[in-house]
Amino acid sequence: MASDASTNEWETVIGLEIHAQLATRSKIFSGSATAYGASPNSHANLVDLGYPGVLPVLNGEAVRMAVKFGLAVDAEIAPRSVFARKNYFYPDLPKGYQISQFELPIVGKGRLDVVLEDGEHKRIGITRAHLEEDAGKSLHEGLGKLTGIDLNRAGTPLVEIVSEPDMRSAKEAVAYLKKVHTLVRYLEICDGNMQEGSFRCDANVSVRKRGASEFGTRAEIKNINSFRYVEKAINYEVGRQIDLLESGGKVVQETRLFDPDKGETRSMRSKEEANDYRYFPDPDLLPLEIDEAFIESVRKSLPELPDVKAARFCRDYGLSEYDAGVLTASRDLADYFEQTAASFTAAGPSTEHAKLTANWVSGALAAALNANNLEIGASKISALALAGLLRRIADDTISGKIAKDVFEEMWASGREADAIIDAQGLRQITDTGAIERAIDEVMARSPAQLADYRGGKDKLFGYFVGQVMKATGGKANPAQLNELLKKKLVG
Amino acid sequence: MFCQFNNLQDTPQGNVYDFAHTFRNFRMSLDRAQIQSIAHLARLSFSPSELQVYQESLSRIVDLVSQLEAIDTADASPMAHPLPGLSQRLRPDEVVESDSHELYQRNAPQVEAGLYLVPKVIE
Amino acid sequence: MLTKTLAELAQGLRAKNFSSVELTRALLQRIEASQSKLNSVISITADSAMAAAAVADGQIAAGNAKPLTGLPVLHKDIFCTAGVRTTCGSRMLENFVSPYDATVVAKLRAAGMIMLGKTNMDEFAMGSSNETSYFGPVKNPWNPALVPGGSSGGSAAAVAARLVPVATATDTGGSIRQPAALCGVTGIKPTYGRVSRYGMIAFASSLDQGGVIAATAEDAALVLNVIAGFDPRDSTSVDLPVPDYTATLAESVEGLRFGVIREFFDAGLEPAVERAVRDALAVYEKLGATLVDVDLPALPLSVPTYYVVAPAEASSNLARFDGVRFGYRCKDAVNLEDLYKRSRGEGFGAEVKRRIMTGTYVLSAGYYDAYYLKAQRVRQLIARDFARAFAEIDVLVGPTTPTPAFALGAKTSDPITMYLNDIYTIGANMAGLPALSIPCGFADELPVGLQLIGGHFSEARLLNVAHQYQLATDWHRRVPAGWAS
Chain A
8 MASDASTNEW ETVIGLEIHA QLATRSKIFS GSATAYGASP NSHANLVDLG YPGVLPVLNG
68 EAVRMAVKFG LAVDAEIAPR SVFARKNYFY PDLPKGYQIS QFELPIVGKG RLDVVLEDGE
128 HKRIGITRAH LEEDAGKSLH EGLGKLTGID LNRAGTPLVE IVSEPDMRSA KEAVAYLKKV
188 HTLVRYLEIC DGNMQEGSFR CDANVSVRKR GASEFGTRAE IKNINSFRYV EKAINYEVGR
248 QIDLLESGGK VVQETRLFDP DKGETRSMRS KEEANDYRYF PDPDLLPLEI DEAFIESVRK
308 SLPELPDVKA ARFCRDYGLS EYDAGVLTAS RDLADYFEQT AASFTAAGPS TEHAKLTANW
368 VSGALAAALN ANNLEIGASK ISALALAGLL RRIADDTISG KIAKDVFEEM WASGREADAI
428 IDAQGLRQIT DTGAIERAID EVMARSPAQL ADYRGGKDKL FGYFVGQVMK ATGGKANPAQ
488 LNELLKKKLV G
Chain B
1201 MFCQFNNLQD TPQGNVYDFA HTFRNFRMSL DRAQIQSIAH LARLSFSPSE LQVYQESLSR
1261 IVDLVSQLEA IDTADASPMA HPLPGLSQRL RPDEVVESDS HELYQRNAPQ VEAGLYLVPK
1321 VIE
Chain C
22 MLTKTLAELA QGLRAKNFSS VELTRALLQR IEASQSKLNS VISITADSAM AAAAVADGQI
82 AAGNAKPLTG LPVLHKDIFC TAGVRTTCGS RMLENFVSPY DATVVAKLRA AGMIMLGKTN
142 MDEFAMGSSN ETSYFGPVKN PWNPALVPGG SSGGSAAAVA ARLVPVATAT DTGGSIRQPA
202 ALCGVTGIKP TYGRVSRYGM IAFASSLDQG GVIAATAEDA ALVLNVIAGF DPRDSTSVDL
262 PVPDYTATLA ESVEGLRFGV IREFFDAGLE PAVERAVRDA LAVYEKLGAT LVDVDLPALP
322 LSVPTYYVVA PAEASSNLAR FDGVRFGYRC KDAVNLEDLY KRSRGEGFGA EVKRRIMTGT
382 YVLSAGYYDA YYLKAQRVRQ LIARDFARAF AEIDVLVGPT TPTPAFALGA KTSDPITMYL
442 NDIYTIGANM AGLPALSIPC GFADELPVGL QLIGGHFSEA RLLNVAHQYQ LATDWHRRVP
502 AGWAS
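Residue numbers (this note's numbering), protein chains in the order written: chain A, 8 to 498; chain B, 1201 to 1323; chain C, 22 to 506.
The following block holds chain A by itself, in its conformation from the complex (with noise of 0.2 Å):
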């Protein structure tokens, strides 16, 4: 593998292809249905199957979904775009031509701003976005000397979007990838779910020395389906490349699998390469003509986009661009913080009590649905619930402390707050006297301690506050507690 050293030498340039399925209920160009996980080529209809005789006509919600993405990445959208065939064979291929996009794409050049780990801010440029059919499945295990293909995906849309080469590491291909996969699940044309194959990546990998203004012969990853496989995929095949380079080796341009068990990027050897794919306009369909009222009513029906939410979110919340960025990941997530501070009072939302909320959401919410392997949609503790819980926090009901065990109580039984605050006499000791008269006790029965704290040993504060705590069960209010003991123990 690559030193750093040679890596300083050798620039990385990476350009992803993604290809979202998009989430219309029937497939781009038959009425069948596009559901995941049916039986063998039940959804596979006679269009789809390639028969003799069958013809394709257009979904126009998988057009409206493509106009979608390409407006909320400031792409031109091409007032004439045609479709192509794109002619090989193979056994998932069942027409031996697909269906896309060729010259004429109906989505032009945009682009997509992302933040890097470090809060660097990176423009990446996109190529063009087109739609195109999907192929069905192989299935290779099971069957002996066989394959068994299974049609059902086969003609599912795609919108295939092509970045340009501007990535420079693998972790501005992920920050890249996370974020269009964050867009397509806001604007609600895809469900992102790289398992299922919803959402698929390609990487096109080549190295350069630092400085040289050619690229250098790039290799084309495929299908990596998770953000994980992508960066040790690219990391992988960066260093192969460097490897050979340095060993007087040349890069060839051909198509490669990620094996995730072992790490490594290897040479797909039984598909084609260079196939001469004789693209040309398919005589089936007519040119897809969209007009500017088309555009505009799509672009209305545009959500907020994400961007523009977490912008919103640091001025209105008064979050950091970390903390807005952190909500902002997915719609609900975003809409869910939000509703939790509404919730706060009938005054609305106050800056103090966003950033308590982003740290909840964020935090103790976030570590649960994760932990439960669940979407914000089916939290256990709704929005309103999780309001209630903060506001006995910001009015010193109780502790934040004591509101992890509420949390947790309230997450396993779906009570209120103010419900099992009461039942288990959770609430703050606020009262000085009482609080006075704890310290007071714990003065009294700990003399040793109290002249050794007066001697100098100002770590023995702790020990204090520990008793006073143990005396109230938990429930004195730390702020005033610390005063009063600060004051107490000075004598």
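Partial selection, computed: residues in chain A whose CB lies under 7 Å from chain B:
no., residue
1, T31
2, P47
3, E68
4, P98
5, T154
6, I156
7, L293
8, L295
9, E296
Straight-line Cα separation of at most 27 Å, DSSO-like style, residue types lysine-lysine; simulated pairs:
no., chain 1, residue 1, chain 2, residue 2
10, A, K152, C, K352
11, C, K352, A, K144
12, A, K185, A, K269
13, A, K269, B, K1320
14, B, K1320, A, K144
15, A, K495, A, K482
16, A, K269, A, K144
17, A, K152, B, K1320
18, A, K229, A, K93
19, A, K229, A, K185
20, A, K229, B, K1320
21, B, K1320, C, K352
22, A, K493, A, K477
23, B, K1320, A, K93
24, A, K116, A, K186
Which bits of chain C does chain A cover? Going by a derived footprint, with three or more residues having C-beta under 8 Å, they are:
no., segment
25, 117-123
26, 213-222
27, 243-255
28, 344-351
29, 385-393
Honestly, the hints are just simulated from the structure, not real lab data.
The structure displayed is predicted, hence computed values, not measured ones.
Just so you know, even glycine gets a beta-carbon here, dropped at the ideal spot from N, CA and C.
Since the structure of chain A is provided, determine the placement of chains B and C on it from the hints.
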């Protein structure tokens, strides 16, 4: 361009367009390697003698259609559809099909558990 | 009964001169008896036809029959017919039973017509003589040593021999009109998009169009009334209302401007054919039409243009025949590549393979611009010539074919010789224009066809013009010897 069709040859059959006459000893426009590569792209099997026949006839056809090269088409855009000015109709996003795989698979050469079977493909 | 037109048969059924069952039985027997002589059909659907005839008789008796209820039709074996073998003239689909009806078939079935069987055709519609069929050639009823034309040779021969009054057919470069001309019958290719292509096995998608072959223009109009119309399953289907094509048949042609296509009267046109065509034009002049010479200078480029575009589209359309989901599969394939190559190599005939190869070549990297794109530009030139002509002309006229029917085997050695048969017909497909051929006389005792080409969606006018000629002449009534009863 059209003059080629005026190579009148009065053959015994009275066949006025006798291309065979005109092109009998011509050099073939396509070589064997090209024919083989086209046959592979088209997934067609040929015996060596068939290949020879196809090489000849394809070369003749290529010569026929190469006449188009000389035509001035500077102000003519490619016409993909015979009726100009039409655009693609959009269909509503509705599921209108039900599972008919048993009917459709009656024509299949080899099926198991609802899957179409082919010799194993290694990826 | 047997040599009557569709219109006459409809009248006969309504008048209860005979029943649909009687008619159907008689024609089925006639078809059966003709097979050894003509080989015009691939499948005969006797049982279902008799059952449907019985149902039709019931409807006629109950008084709720439609205009075409109980009347017979043959479908070219390119149209998918549910539950019935659909071979497209090929070994590739020798045992293919279609699970669905083509729209054309469904419409005629809904109109009450009774399918008697599927007609023979050039394999995958590629041919001009019906000699490329896997099921053997069709013979011309006028002279069984001669070809009937193609690719709809079976439909044309069947109608010419009066096995049925009407048959469906398809036309990509002349495959309705040319066999109609060689067999002395009437054939119409409608405007592109007028008749649905759904269920019509595709050859060249931007050129294919379904139509009808009949003995008379009136009969063709009756059938076109049913099969024309918008189909949401076909994206290239045009959403325009269908007129009643029979309503305007009786209009006079006086004052119509006929454009005589100069380029069609070239040195390739046989003198006897030219004589018959000129005589026909003289009849039109007598009927009051004005004849004007027109030039369509790009038209001679039709053949090379066609032989780029059509094979290109066909090479892609036929890629689905791979032995995986339906159709012919070779025995003992050792791997996937072997499966593809031998299933297709053995399943397809020579002409089909030749066109697939041609199409693959002209689309391939490095040749696409020079061939395919270039041909589509020349296509534009051809379409423009027609558009210019129709700005001043009502109907374009000329011969349908350069020669009458030729001998079986005469042109099979050289593909180009065969291709030149379509020289007058291809232009209309290039421009998507409606065109028909009507019998207009004889050359060497063989039928000659007159071609009429109209502007887009002018089928009513074309059928009217054809009908007026058929009122003034009787070429269309001639039946070949031996087939008159």
